[in-house]
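Residue numbers (my numbering), protein chains in the order written: chain V, 236 to 565; chain L, 10 to 379; chain A, 144 to 219.
Any given hint might turn out to be false.
[Unchecked claim] Below, computed lysine to any residue pairings styled on SDA-like, alpha-carbon distance capped at 20 Å:
{"hint": "1", "chain 1": "L", "residue 1": "Lys118", "chain 2": "V", "residue 2": "Gly369"}
{"hint": "2", "chain 1": "L", "residue 1": "Lys118", "chain 2": "V", "residue 2": "Arg418"}
{"hint": "3", "chain 1": "L", "residue 1": "Lys352", "chain 2": "V", "residue 2": "Ser237"}
{"hint": "4", "chain 1": "L", "residue 1": "Lys30", "chain 2": "A", "residue 2": "Glu216"}
{"hint": "5", "chain 1": "L", "residue 1": "Lys352", "chain 2": "V", "residue 2": "Gly257"}
Hint data in this document are derived by calculation from the structure and do not stem from the laboratory.
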Amino acid sequence: MSDVITLADGAGGKASRRLVEGLFLAELRNPMLEPLSDAALVSANGTRLALTTDAYVVRPLVFPGGDIGELAVNGTVNDLAVSGSTPIALTAGFVIEEGFPVDELRAITHSAARAAKAAGVAIAAGDTKVVERGAADGLYITTAGIGLLDPRVDLSPARVRPGDRVLVSGSIAEHGIAVMLARGDLHLELDVVSDTAPVNRLTAALCALGPSLRWMRDPTRGGLATTLNELVAGAGASVVLEEQAIPVREDVRAACELLGIDPLYVANEGKLVAVVAPDAADAALAALGAAAAIIGEVRADDLPLVLAQTPFGGSRIVDMLVGDPLPRIC
Amino acid sequence: MRYVDEFRNTRAIQAVAAELKTLVEPGSHVKLMEVCGGHTHAIYRHGLDMLLPDEVELVHGPGCPVCVIPMGRVDDAISIAERPEVIFTSFGDMLRVPGGRRRSLLEAKARGADVRIVYSPLDALDIARSNRDREVVFFGVGFETTAPATALTLLRARRESVRNFSVFCNHVLIAPALRAILDSPDTEIDGFLGPGHVSTVIGTGEYEFICRDYRRPVVVAGFEPTDILQAVALLLAQLREGRAEVENQYGRVVREEGNPAALAALEYVFKVREDFEWRGLGPIPRSGYRIADELGEWDAEQRFEVPGARIEDPKACRCGDVLRGMAKPFECSVFGTACTPEKPLGTCMVSSEGACAAYYAYGRHRLAVA
Amino acid sequence: MCLGIPAQVVERLDDGLAKVDFGGVRRSVSVAFTPDAEPGDWVLVHVGFALAMLDEDEAQATLRLLGEAIEAELAS
Chain V
236 MSDVITLADG AGGKASRRLV EGLFLAELRN PMLEPLSDAA LVSANGTRLA
286 LTTDAYVVRP LVFPGGDIGE LAVNGTVNDL AVSGSTPIAL TAGFVIEEGF
336 PVDELRAITH SAARAAKAAG VAIAAGDTKV VERGAADGLY ITTAGIGLLD
386 PRVDLSPARV RPGDRVLVSG SIAEHGIAVM LARGDLHLEL DVVSDTAPVN
436 RLTAALCALG PSLRWMRDPT RGGLATTLNE LVAGAGASVV LEEQAIPVRE
486 DVRAACELLG IDPLYVANEG KLVAVVAPDA ADAALAALGA AAAIIGEVRA
536 DDLPLVLAQT PFGGSRIVDM LVGDPLPRIC
Chain L
10 MRYVDEFRNT RAIQAVAAEL KTLVEPGSHV KLMEVCGGHT HAIYRHGLDM
60 LLPDEVELVH GPGCPVCVIP MGRVDDAISI AERPEVIFTS FGDMLRVPGG
110 RRRSLLEAKA RGADVRIVYS PLDALDIARS NRDREVVFFG VGFETTAPAT
160 ALTLLRARRE SVRNFSVFCN HVLIAPALRA ILDSPDTEID GFLGPGHVST
210 VIGTGEYEFI CRDYRRPVVV AGFEPTDILQ AVALLLAQLR EGRAEVENQY
260 GRVVREEGNP AALAALEYVF KVREDFEWRG LGPIPRSGYR IADELGEWDA
310 EQRFEVPGAR IEDPKACRCG DVLRGMAKPF ECSVFGTACT PEKPLGTCMV
360 SSEGACAAYY AYGRHRLAVA
Chain A
144 MCLGIPAQVV ERLDDGLAKV DFGGVRRSVS VAFTPDAEPG DWVLVHVGFA
194 LAMLDEDEAQ ATLRLLGEAI EAELAS
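Let the sequences and hints guide you as you build the complete structure.
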């Protein structure tokens with residue numbers, strides 16, 4: 236690790252992983268933290284709960300398809316949902332920069348309220364702090380969330396078996412591209428909007444599969460590729476993807492190609508990826524709806540990797556993200 | 010006609026791959042160099058090398074302009090970027106390239122330098138127009154594909170009197186590098202896949218010297234899987250028939266005469282430097298551009314003082330051998346260990362199109378399988 | 144070599160620029176090097192500049208060769 240934090244450390248890829256494992260886990264180590272899942276499993280008097288926390292620092296605060304308020308609620312709900320729990324309550328802490336317009340703050344809070352209602356959760360506690368001009372880039376929101384674990388499932392990468400199928404709930408890369416374009420530096424026009432949405436109804440439907448449901452995640456920062464790399468590390472098996480089966484909108488694919496970014500590495504905020512037993516794949520697909528797809532399968536392997544197969548027989552590694560998805564020119 | 014999907018057709022790819030097997034003598038060994046970083050990337054991205062007959066070996070050449078920027082020049086860029094008045098603009102792939110003390114533009118940004126990624130030099134000029142109180146510098150990197158864009162942007166800056174804009178020019182020329190590789194004593198390359206997009210500017214005549222002076226065939230190739238495989242087929246056919254000619258597989262984009270308007274812009278805006286250092290290959294005569302005197306006011310090297318140091322590559326680095334097709338990435342002792350895409354020691358690992366980076370990112374599982 | 148992507152010209156703008164469409168994504172690019180590009184034409188775009196006009200006849204010729212390769216393989 237270098238002696239200062241760089242943006243790569245926050246991108247969700249290899250550097251982020253090293254920071255979390257090398258610094259935070261090293262200092263804070265305890266059994267609940269160890270698995271480094273999206274949510275921790277907490278037992279209290281025999282009741283099993285999921286507990287999660289997140290920070291939202293998206294720039295710009297308002298983007299096509301949503302804003303930081305909605306993102307914060309959906310993101311936290313989703314972390315709880317993919318842990319196999321029913322989200323019950325959230326908290327929201329607002330760190331506000333001096334000079335921030337009250338109307339904008341009200342609009343963002345209104346978005347958060349609307350998102351919470353749509354997801355069926357309450358924002359039960361909060362906090363506000365104001366910092367001097369220049370110190371918070373407008374607004375940061377931190378959240379915590381608590382959910383009731385569904386007794387029918389026990390989700391973990393270790394439960395994944397060779398032959399299991401990998402599914403995604405819909406098309407990828409929309410949130411990251413929408414936000415990147417909204418920053419205005421790249422001068423591209425396209426109609427894509429962030430896919431920010433709660434996935435708790437989808438995960439509840441999948442939990443009905445019981446033990447056939449092995450593991451779920453929401454592929455946020457670092458994209459589908461990062462999430463699947465985390466899976467193979469924990470599962471000790473490879474995932475082989477069918478390149479053509481991964482749903483990507485044509486215009487999103489074109490924007491990624493133009494910018495030299497692989498859609499597999501771009502953030503999603505309203506999608507989930509799930510691994511299910513082979514005989515449950517059709518039921519899972521039905522539960523997730525028309526936009527979902529089976530994109531690959533798990534394979535026994537001494538060297539666990541994420542591989543993508545092309546239709547004409549070639550294959551390539553889909554590695555963990557290095558750095559930030561920077562536009563590649565040549 | 011959409012010009013992309015049709016050239017990724019699975020049946021066609023399989024058919025051309027099958028055709029290749031009929032074009033080689035069983036047990037022979039043919040070594041083809043693909044010159045261009047875009048080809049390296051495409052080949053590994055689509056796993057095309059897995060479709061080639063065993064007799065055909067593809068080696069990667071020096072066509073990654075990000076990879077060949079010497080560390081000393083990266084340090085010069087960082088020194089400009091660190092000035093408080095400067096907004097330093099660059100293509101994304103240059104940000105992680107390490108300079109002398111393993112520092113990069115990305116690290117400089119983390120320490121407070123105003124470094125911004127742009128897709129086009131025109132966007133950098135826009136930033137200059139909107140920030141009249143700052144000095145905007147554009148990091149001009151790339152072959153003759155990219156140099157015309159920089160040229161036109163400089164002309165526009167002059168026309169509109171945007172005085173707070175300048176270019177740190179590191180554009181390089183492909184033909185001199187190819188000649189340097191062919192002049193290397195141990196070169197065993199049988200034929201070349203010519204760089205498709207450089208050729209849209211310089212045309213196909215620039216490669217005639219390879220056929221005439223070195224008796225090797227050249228096929229200028231596009232970037233879709235079918236293009237690359239078709240180009241290999243054309244090269245194998247030439248070798249079988251004992252021909253050494255320049256052929257153009259990428260006819261839908263490349264004209265024999267190139268792009269006269271772009272060439273005129275290059276001629277006017279740039280002068281060829283006496284020599285320019287290529288990381289991994291050393292100094293190559295008449296292989297780099299500098300900004301012509303008439304536009305000296307927009308030359309960052311004249312506007313800012315830079316350290317201008319020459320920095321040696323690390324000892325363990327075998328990039329020079331890889332760039333000349335003499336070694337495969339995995340034959341370098343530090344490949345994947347001390348030298349990875351995250352912490353690159355050498356030039357071939359720094360850009361996603363460098364041979365080592367492409368192999369590491371996409372292909373290293375073949376080693377385990379083999 | 145570097146990223147060059149095909150795009151279709153949507154409209155000519157002032158000052159040597161044109162709006163082009165890359166499969167649903169639009170951007171304005173310089174057509175200084177392809178001054179004859181008109182709406183409907185396809186160009187190859189690299190770092191915000193159209194470097195070449197795509198030749199449909201040549202593209203069809205290449206596709207025909209690919210078609211022949213497919214036929215040859217089926218026949219063998």
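Hint consistency between Lys352 of chain L and Ser237 of chain V [alpha-carbon to alpha-carbon, up to 20 Å]:
holds (11 Å)
Do the alpha carbons of Lys118 of chain L and Arg418 of chain V lie within 20 Å of each other, as the hint requires?
Holds - the C-alpha atoms of Arg418 of chain V and Lys118 of chain L are around 18 Å apart, at most 20 Å.
Does Lys118 of chain L pair with Gly369 of chain V here, judged by a C-alpha cut-off of 20 Å?
At roughly 18 Å apart (the allowed maximum being 20 Å), Gly369 of chain V and Lys118 of chain L satisfy the hint.
Assess, step by step, whether the Cα of Lys30 of chain L is no farther than 20 Å from the Cα of Glu216 of chain A, and give holds or violated.
This hinted pair holds, its Cα atoms lying about 11 Å apart.
When you check the alpha-carbon spacing of Lys352 of chain L and Gly257 of chain V, does it fall within 20 Å?
holds (17 Å)
Hint violations for this structure: none, all hints satisfied.
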